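These protein sequence lines map, in sequence, to chains A and B.
FYI, my numbering numbers position 17 of the first sequence as 17, with every residue one higher than the one before it.
FYI, my numbering numbers position 148 of the second sequence as 148, with every residue one higher than the one before it.
In case anyone wonders, no lab produced these hints; they're calculated from the structure.
Given the structure is predicted, the values throughout are model-derived calculations rather than measurements.
Treat the hints with care, since some could be wrong.
As the list claims (entries may be wrong) - 25 Å max Cα-Cα, derived SDA-like pairs, lysine to any residue: (1) K199/B x D53/B; (2) K71/B x P212/A; (3) K186/B x D122/B; (4) K81/B x P70/A; (5) K69/B x T425/A; (6) K135/B x S158/B; (7) K135/B x K421/A; (8) K135/B x L16/A; (9) K135/B x S8/A; (10) K421/A x D122/B; (11) K6/A x E74/B; (12) K156/B x E114/B; (13) K69/B x R54/B; (14) K421/A x L431/A.
Said to hold, decoys possible - Which residues of chain B face chain A? A partial, calculated answer using Cβ under 8 Å: (15) I3; (16) S7; (17) H52; (18) D53; (19) A77; (20) P105.
Unchecked claim - Label-pair restraints from in silico Cβ distances: (21) A402/A x E114/B: 44 to 50 Å; (22) P7/A x S200/B: 32 to 38 Å; (23) H197/B x I406/A: 56 to 62 Å; (24) L138/B x L381/A: 53 to 59 Å; (25) E114/B x R23/A: 29 to 35 Å; (26) N326/A x E171/B: 37 to 43 Å.
Every residue gets a Cβ at the ideal spot worked out from N, C-alpha and C, and that includes glycine.
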Amino acid sequence: MGFCMKPSEIRLALHLWNRGHWRDYIFSQGMLFTASLLLIFFISIGLGVQNVLDRFLSSDLPAEQVRVTPPGVQAGFFQTETGGMEITEEIRVSLEEMPLVARVDPQIYAHVPAYLRGRLGGQPYYTDITLEGITCEFLGDSLLESIDWSYSLEDSSRKLLPVVLSENLLLLYNAGFAESNNLLGLTPEGVIGMECSVTLGRSSIAELDHTPVTVRARIEATSRNMNLFAIGVPFEFVDQINSMFLPEDTRRYSALVITAVSAEDVPSIVREVEETGLRAETRRGIAQKAEILVGAVTAALSALAAAILFSAISNAIHTLVNDLRNRRFALGVLIALGTPYDRLAMIFSFQIFFMSMITTVLGATIGCLLAWGASSTLLSLSSTLRAAVDTLAVFPIGWLAAGLGIMLAASTGIAYVFFRKILRTPVTSLLRP
Amino acid sequence: MSIIQASKISRSFEGMEVLSGLDLTVFNGEFLAITGRSGVGKSTLLAILGTHDRDFIGNLSIAGHDTRKLKSSELAALRRKYLGFVFQDFHLLSSLNAIENVILPVVFSGGNLELARSQAEDILEMLSVRTDQTKTSLLSRGERQRVAVARGLVNKPSILLADEPSASLDEESEQILFNLLDHLRKQQGFAIIAVIHSKSILERADRILELKDGVLHETI
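Construct the entire structure; sequences and hints are all you get.
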């Protein structure tokens, strides 16, 4: 006898097989649906959130660099440090003479109030800023390689002040100014080449006696390695501005960036720098802080996802097995009447494997759509996020397929083992009430 | 010609021997009645003859097949082909109606569904069982018993194993049932092995065997 069943026979067999069990069956499939939906949703959104955090918290400081700042000077608003320990020329020279140091690049903050004015997205834009004087090597990569990174006030009539814009400032623009004025957010790539004017000696909160100076500027690059309200400009320009507006201020350096001969030398340099009383910051240190935050958020999300997922999968397994347990008697009757085992296996395969697979795929699809919808909604609500990432929902196909496969295999596999156990049970036991 | 050959069948439950080296031969088309007191092992014997219980000692051959040598799947095929069952507790699926219960073995075994449905309707009609959509859980005990008989017959078995098939029937229904069984038996030639207590039905049997002390004793 051939055991291939016609579709109409399968339909009738399933119809009779499930009569009185539809609720249990739909519930078990509903659990699988929920589990696959949650799996996809949490993985994709979780990875997306991790991307955003990485993007926000990552640093461009290369592994072999150490940023040296006076203690108490914290990257942030309008730094015009006065008093306390200074980075002197002697300190710089002594650091340069350290055997493990390949190069020392200086950085100086402008000690004068300043603001930036321009047009962004067709709208006039104004913000108070701090100027960070940096050398071409300061950013530690080839960011400024093709740019003429020199400027003095004498150049103002014939060239534009090259500017490295802080990506943090960009984020602030996106989150604050752009949102409140219904402007599109800006991406780091999108601002390159924009022109603006930089006024020195005056800001919305401070004004010096000296006549303000305004120069035209052009954004040449962006960096995550700058202070919040800072723009990076050529070192000698800030030096010139400080001397012009505050001639009595002898501070020469606000920070130094030490490039070690190799990344392995960084810990030794950090120790020596800290012995001088200065503060040393490394990528590892920055990264560690970021990693702790990202790790904490990821762990919290993962724990929540795992708890929900575990609950959904165990519920799915429980209901699938329970559904089979409720059918022990029916299976016993069918076996007693001589139903071929492979027909029962076919019914089981169709009902559990095939339908569960369809349910899982359906749940995963809805999970994708929900994740995509959540991502679109969040991005539409926040231009900061929009500027930082294209999407909050990440779909690593391989991982998602593996996750779904494991979930499906776990739930249907356990159900199948239980099914085989029922088939091995003596008929007389199955028929016993 | 024998259709069942059982020799030296023994079966124990937790050390207590219920069947003790029982021998039985059943011939094609005969009506064999088995009697005996409650708990003597009649249902156990039927379960062994129906290949539901395999934990016995001895040899059992059905239609020339040595059941000890058959795998579970082969035994299922043997049951499907040769055996019809009427269980003492009916073993109907309560969520299905009468016809669905009767055609259930055919649905899952790949027989001719239309023919089975038509036969089921005929048998149920002859047994005065409603063939509407009423679930069997809502039928009376007597009606359920008749549905169980109909299911045992639908595959046109060579042997009908029936455990007290008329226990829940009134005398009239009992006579109707056995009239039908006699009619079909003559028509199709199947053997009936039934646990019977009713004297009027016992009179219809070709042989009556009493199960006592683990073995069968012929009474007529």
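Hint by hint, here is what the structure shows:
no., hint, result
1, K199/B x D53/B, "violated (29 Å)"
2, K71/B x P212/A, "violated (100 Å)"
3, K186/B x D122/B, "holds (17 Å)"
4, K81/B x P70/A, "violated (95 Å)"
5, K69/B x T425/A, "holds (19 Å)"
6, K135/B x S158/B, "violated (29 Å)"
7, K135/B x K421/A, "violated (29 Å)"
8, K135/B x L16/A, "holds (12 Å)"
9, K135/B x S8/A, "holds (22 Å)"
10, K421/A x D122/B, "violated (38 Å)"
11, K6/A x E74/B, "holds (23 Å)"
12, K156/B x E114/B, "holds (15 Å)"
13, K69/B x R54/B, "holds (11 Å)"
14, K421/A x L431/A, "holds (15 Å)"
15, I3, "violated (16 Å)"
16, S7, "violated (22 Å)"
17, H52, "holds (4 Å)"
18, D53, "holds (5 Å)"
19, A77, "holds (7 Å)"
20, P105, "holds (4 Å)"
21, A402/A x E114/B: 44 to 50 Å, "holds (47 Å)"
22, P7/A x S200/B: 32 to 38 Å, "violated (49 Å)"
23, H197/B x I406/A: 56 to 62 Å, "holds (58 Å)"
24, L138/B x L381/A: 53 to 59 Å, "holds (58 Å)"
25, E114/B x R23/A: 29 to 35 Å, "holds (31 Å)"
26, N326/A x E171/B: 37 to 43 Å, "holds (38 Å)"
Checked against the numbered hints given earlier, this structure breaks hints 1, 2, 4, 6, 7, 10, 15, 16, 22; the rest are met.
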